[in-house]
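Trainee: Each chain, written out:
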Amino acid sequence: MIQARIAKRFPPQPDSAEFSLEIEFQAGAGVTALFGPSGAGKTLTLDSIAGFARPDSGRIMLDDEILFDAASHVSLRPQERHCGYVFQNYALFPHMTIRQNLVFAADRHPRLERHRRVNEMLERFHLTDVPGRRPHEVSGGQKQRCSIARALIGSPRLLLLDEPARGLDAPLRAELYALLRKIRAEFAIPILLVTHDLEECFELAEEMLILRGGRIVQSGAPREILEQPASVEVARLVGISNLFEAEITALDPGRNTSRVKFQSHEIMGTYFPGHLRGDRVWLCVRAEDLRAVGQNGSRPEPNQVSAKLLRISERPQSVRLEFAGDISVDMPRQEFERQKDNKDWMIEFPPNALRVL
Amino acid sequence: MAVNWFPLWLSLRVAALATLISLALGLWIAYLLANRRFRGKELLDAVVTLPLVLPPTVLGYYLLVVLGRMSPVGRVYEWAFGGPLVFTWQAAVLASTLHAIPLLVKSARAAFETVDRSFEKAARNLGASDWRVFWRVTLPLSRRAVVAATVLAFARALGDFGATLMIAGDIPGKTQTAAIAIYDAVEGGDTLVARVLVLALSVVAIAIVYAANRLQQRQVAG
Numbered sequence: 002m003i004q005a006r007i008a009k010r011f012p013p014q015p016d017s018a019e020f021s022l023e024i025e026f027q028a029g030a031g032v033t034a035l036f037g038p039s040g041a042g043k044t045l046t047l048d049s050i051a052g053f054a055r056p057d058s059g060r061i062m063l064d065d066e067i068l069f070d071a072a073s074h075v076s077l078r079p080q081e082r083h084c085g086y087v088f089q090n091y092a093l094f095p096h097m098t099i100r101q102n103l104v105f106a107a108d109r110h111p112r113l114e115r116h117r118r119v120n121e122m123l124e125r126f127h128l129t130d131v132p133g134r135r136p137h138e139v140s141g142g143q144k145q146r147c148s149i150a151r152a153l154i155g156s157p158r159l160l161l162l163d164e165p166a167r168g169l170d171a172p173l174r175a176e177l178y179a180l181l182r183k184i185r186a187e188f189a190i191p192i193l194l195v196t197h198d199l200e201e202c203f204e205l206a207e208e209m210l211i212l213r214g215g216r217i218v219q220s221g222a223p224r225e226i227l228e229q230p231a232s233v234e235v236a237r238l239v240g241i242s243n244l245f246e247a248e249i250t251a252l253d254p255g256r257n258t259s260r261v262k263f264q265s266h267e268i269m270g271t272y273f274p275g276h277l278r279g280d281r282v283w284l285c286v287r288a289e290d291l292r293a294v295g296q297n298g299s300r301p302e303p304n305q306v307s308a309k310l311l312r313i314s315e316r317p318q319s320v321r322l323e324f325a326g327d328i329s330v331d332m333p334r335q336e337f338e339r340q341k342d343n344k345d346w347m348i349e350f351p352p353n354a355l356r357v358l
Numbered sequence: 075m076a077v078n079w080f081p082l083w084l085s086l087r088v089a090a091l092a093t094l095i096s097l098a099l100g101l102w103i104a105y106l107l108a109n110r111r112f113r114g115k116e117l118l119d120a121v122v123t124l125p126l127v128l129p130p131t132v133l134g135y136y137l138l139v140v141l142g143r144m145s146p147v148g149r150v151y152e153w154a155f156g157g158p159l160v161f162t163w164q165a166a167v168l169a170s171t172l173h174a175i176p177l178l179v180k181s182a183r184a185a186f187e188t189v190d191r192s193f194e195k196a197a198r199n200l201g202a203s204d205w206r207v208f209w210r211v212t213l214p215l216s217r218r219a220v221v222a223a224t225v226l227a228f229a230r231a232l233g234d235f236g237a238t239l240m241i242a243g244d245i246p247g248k249t250q251t252a253a254i255a256i257y258d259a260v261e262g263g264d265t266l267v268a269r270v271l272v273l274a275l276s277v278v279a280i281a282i283v284y285a286a287n288r289l290q291q292r293q294v295a296g
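Chains as they are written, first to last, in the working numbering: chain A, 2 to 358; chain B, 75 to 296.
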């Protein structure tokens, strides 16, 4: 279990604005993703935990050991923190072979034990073909596995991963995800994963902390966050493209219904607890929850609005239709094949897909 | 007349010792400059660079003031070793060291600073002490630049004239290095000795510069 409360201020510099990190979280065994745009403070958080950056105030605890406590001036050196760290570029020592990289990391152990561990790790991470090669002589996947093996060989109580999938092509990415799932199962330690890839969060993380501007703006299971983002900011960060300024025009808790007006449309949704009639809100709908159909002369049914199609962009599994009024609809490939000759379009807003923020 | 080879041997011996001392001292200073934050850091850098920019005679004068028989350091040395430091070959080593050290510090600092910090971070994260990080990661990764700088430092130590003359003097068979012997030979009209020594020093210098270049090219390539 890692518990961290970290505050650090950077005064404004000629080439950068003022930045402050102020976060508090805890994470148990399993993968916790630190998700957010560049400059949100994700790597700084890892560096504070690993001991490479010194917070101004706060406290970091790993299991029942204090790694850092500003109040009592405790700050363990990075060497004493026992955090496995997989760096962004892997940071494998280029002048050492794969085996030597592991031996270096197993230095705490006596000779025989060290030898046993290194062999075990080489085997476990499928590196037995290349122990005598230097990092630049092995494949990307082998480098990646070696760096993870090196971070784990000292039996750390916490694993920190800084954007491990950055710059990897799709097959290597899949391999990495499989490996990390295996590690999650075999080592019962907290794993903090820095990423700015939402799909990676869904692939790997039980918990997700969304960072922005040095603050955690929301935390929870990835699915929950996508279902109910806490703010427009979060909705944008998790890629929800339909965000409209709207007004609640009716609320009926008895029938579990509501009416929301946005642009020139008025549509029906479920009851929104905690809101009042007349509230100015953000209406938030995921593009894959909207349906687009051909108008074919018929009049719009309730919760359908007609809109002009502006642009189509292809995705691997679906097609994104962009309509006037900044409405985006994701449509499965096959359905689009059937509907692509439509001249006029209507967009259907399923009532239970509407969220207000 | 037979050529006296003593000055050349003395020069090589003095330069080798001076190189060793500058290597030990220079790497340490370069490490401090590259890795630590302390007050007066850039001042230390400037002081270490001084021998590179000052005339050697100025350097020699400073040495005389600091190490002379009247100075505290000179007296302590005399008390400890039973003889003055000035006008001995040991003083020549000191002068050559001072002459060579800026090159080493400058190159080693630059080399240490270009080592990707993430390697050092990774090493510390894996439990390595600062000492081990330096010997196992930082130094091997900047090995070629350091070796090249050492070779150049040796060449510079070999070539010192002014500072050595000021503090070690020109005592034939005792402190007369090759550079000084050449000057003496030319002054005394002994062109044969001058030519032989000039040729010998040139050959050594060319070999050294060639080796240094080779090393640096390998670094760029590798």
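Source of the hints: derived by calculation from the structure; they are not laboratory data. Treat the hints with care, since some could be wrong.
[Unchecked claim] If you want a taste of the chain B side facing chain A, the calculated C-beta under 7 angstroms gives, among others: (1) GLY201; (2) ALA268; (3) ARG269.
[To be verified] Residues from chain A shown here face chain B by an in silico Cβ test under 7 angstroms; the list is partial: (4) GLN80; (5) TYR86; (6) GLY255; (7) ALA325.
For clarity, every value in this text was computed on a predicted model and none was experimentally measured. Every residue, glycine too, gets a C-beta built ideally from N, C-alpha and C.
Trainee: Of the numbered hints stated previously, which ones are contradicted by the structure, given in increasing order?
Mentor: 2, 3, 6, 7
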